[in-house]
Amino acid sequence: MVSDAMILSKEYFMGNMVNIPLIQPIVDYLLNVPFVGYIVAILLWKPMFALLFIPGLTALMIVLLFIIWFERKLTARIQWRVGPLEVSRPIGGIIQPMADGLRYFFQEVIVHRDSHRPYFLQFPILIFIPVLLPILFIPAGSIIAINTPYALPVIVAIVSLIPVFIIAIGWASNSRFAYIGSVREAFMYFAYEIPFIFAVLAMILVYGTADTTLIVERQTIPGIILNPVAALVFFIAMAMATSRLPFEIPEADQEIAFGPFVEYSGILFGLVMTIAYEKMYILSLLMTILFLGGGNGPAILLLGDLSGAIWLFIKTLVVMMVLAFLRSIYARLRLDQALRFGWTTMIEISLVALVIGVIINILGWYA
Amino acid sequence: MIRIKAPKPDLIGNIKLHIDALLTGVKEAVLPSTMTIHYPRERRKLPDNFRGYILFVPENCISCFQCSFVCPANAITMKKADNERNYPTIDYAKCIFCHFCVDTCPGNALQPTKIHDVAYKDMEEMLTQTEEMVKSPEIQREDTITVEYVIEDVDLLFRRIAEKDELVVKTPPHEKVREISSCIEPESCLACAICVGVCPNEAISIESSDVEKVIKIDSNNCTGCGLCVKECPVQILRLTRVSEDESEGE
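Protein chains in written order, with my numbering: chain A, 1 to 367; chain B, 1001 to 1250.
Treat the hints with care, as some may be off.
These stretches of chain A come out as covered by chain B in the derived footprint (C-beta under 8 Å, 3 or more residues) [stated by the list, open to error]:
hint	region
1	48–57
2	246–253
Chain A is nowhere near these chain B residues, computed Cβ spacing over 12 Å in every case [said to hold, decoys possible]:
hint	residue
3	1009
4	1020
5	1023
6	1028
7	1033
8	1050
9	1087
10	1092
11	1121
12	1129
13	1163
14	1165
Between beta-carbon pairs, the in silico distance windows are [stated by the list, open to error]:
hint	chain 1	residue 1	chain 2	residue 2	range
15	A	112	B	1029	38 to 44 Å
16	B	1041	A	12	46 to 52 Å
17	A	90	B	1170	52 to 58 Å
18	A	129	B	1164	37 to 43 Å
19	B	1135	A	108	47 to 53 Å
Don't read these hints as lab results, they were simulated from the structure. Every residue, glycine too, gets a C-beta built ideally from N, C-alpha and C.
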């Protein structure tokens, strides 16, 4: 038992610290410095490390900056254009999202007269609660913030909250485009939610547990081979949930000018624009955990505990890149087409996935 | 009436179409057929007859005003120089780069270039004086690569060549044809004698008889400067070409 006095002491944090042999000498030196040592111990404490570095905020920032650039560049390449380039020519314009972010930051935030002012200003910030909370339950190797057997239901429940916030944003904007966008978001939510939950449920049955750490441990064979149908359903549901083309229906730049987010400007637009990408990051992490073996991979000795995290990061990035790739080859479906697809084909396939999950569960593969 | 039915591919056909789209995307992502010219760093290879900035060679100019007459945008005005000759100035604010003036110039005094990216500070500066037209404008060139579109068989190909394109076209040396002023419609002559007064070489004279006055042009003294052509109020004087042996024979 850990006594009350021990909690918050340096020794308590050092007991559960991330071990990275590459920087261990520096860490050892810093731990002995009076005040800095305490901070280093907190930062390297596994739950805090998961929250702040990987798969938490730092990784999220890197992913955001990279994937926005990558999406634009890849789409441009496939469409015979050049894409962002002039901001930093020698490195192919990779700091373009940062330049855009700076521009958003210094732009005026306009709150128009008809909007519901408090909600209009609050929701872009409040939406980060459901967007960022699921990261706590994602294990990056041995680094995890909250280890619980109910991790997967919690993640699915929190992710399901995001559309509610987006609809609220559209309502607070009180404009016709935002209204159409909100309604479309609500419809799309109905279209993908059931197949999405079925796919997750199938995987819970396959592994016999909802604990993300255990799931990763039990994946000696990646889940995509065990239940490829569930992987397909999950992937399509992910494209719908993050409003990627061909399901970019709620945002639809050309029709309703970014849908629920049409009235935002300045830094608030910067915040709401990244929501879809953050959601994409969360769902890609979930897909990596469920189907691609999470942080499993050849151990990199020099990185120690970070090795699994790096593998998770790479796999997640690959999933996100595939999602970004979809944008350049598909046209947008109509809302009714997407709904029909979601309520017929998707549910049928997801039921097949569920049956496969039940069979594997009865055969007891994980044991 | 012909009705076109929307194609309804079956499941396998649908999957095939999806795979086709994905493969096309992958192919273009790996080896894109991008045809963009990165302009300041690359330049497109332009043909020698490109209609760009116009250069002026004063030695070839005979002040015939043809460029000024033909200009559809009224961009060319003639300006009197110190040697009493008239030379063209081009207002690039009006110029439409049709190069009618270059085509019409009898002495090749106006020459085309491939320069198409000249910037001016204001409208007044765009009125290019004769002195500025003699030399090509100063260009800061960042390009090292010339890009060429080539048609091979039926494909339009995009080819990069690591060389600088020379923007000032080297025209073949102009074979000077001797031209003299001549009257093409003597019956319309008013005998106003303006041409006599304007001729710098005293090549034109008036022969009076009892019935009429006729101008006579001395072909040996005429240099073909064309000033009389410009001044003639009824525009019956023209510069006509004289072949060498014919002029020797006279």
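Cross-check of the supplied hints:
Residues of the region 48–57 of chain A with a Cβ under 8 Å from some Cβ of chain B number 0, which does not satisfy the need for three, so the listed coverage is violated. For the region 246–253 of chain A, the stated coverage by chain B is not satisfied: 0 residues place a CB nearer than 8 Å to a CB of that chain, which falls below the threshold of 3. Listed as outside the interface, residue 1009/B is consistent with that label: its C-beta sits roughly 15 Å from the nearest C-beta of chain A, beyond the 12 Å cut-off. Not every C-beta of chain A lies more than 12 Å from that of residue 1020/B, the closest at about 10 Å, which undercuts listing it as non-interface.
Look at residue 1023/B: its CB is around 9 Å from the nearest CB on chain A, not clear of 12 Å, so calling it non-interface is violated. Non-interface status of residue 1028/B relative to chain A is broken: a Cβ of that chain comes within 12 Å, the nearest being about 4 Å off. With a least CB separation of 6 Å from chain A, residue 1033/B falls inside the 12 Å interface cut-off, contrary to its annotation. Chain A leaves residue 1050/B outside its interface by the beta-carbon criterion, the shortest separation being 25 Å against a cut-off of 12 Å.
The claim that residue 1087/B is not at the interface with chain A holds, since no C-beta of that chain comes within 12 Å of its own (minimum 43 Å). The Cβ of residue 1092/B sits about 28 Å from the closest Cβ of chain A, beyond the 12 Å cut-off, so the non-interface label holds. Every C-beta of chain A lies more than 12 Å from that of residue 1121/B, the closest at about 25 Å, which supports listing it as non-interface. Here residue 1129/B stays apart from chain A, with its beta-carbon at least about 36 Å from theirs, past the 12 Å limit.
The beta carbon of residue 1163/B is kept farther than 12 Å from every beta carbon of chain A, the shortest such distance being approximately 22 Å. Residue-level check passed: residue 1165/B sits 21 Å from the nearest beta carbon of chain A, beyond 12 Å. Between residue 112/A and residue 1029/B the Cβ separation comes to about 40 Å, which falls inside the hinted range of 38 to 44 Å. One distance hint, 46 to 52 Å for the beta-carbon pair residue 1041/B and residue 12/A, is violated here, with the actual separation near 59 Å.
Distance hint check: the CB atoms of residue 90/A and residue 1170/B are about 37 Å apart, inconsistent with the given range 52 to 58 Å. At roughly 59 Å, the beta-carbon separation of residue 129/A and residue 1164/B lies outside the given 37 to 43 Å, and the hint is violated. Range check, residue 1135/B to residue 108/A: Cβ separation about 49 Å, and the 47 to 53 Å hint holds.
Hints 1, 2, 4, 5, 6, 7, 16, 17 and 18 from the list above are not met by this structure, while the remaining hints are.
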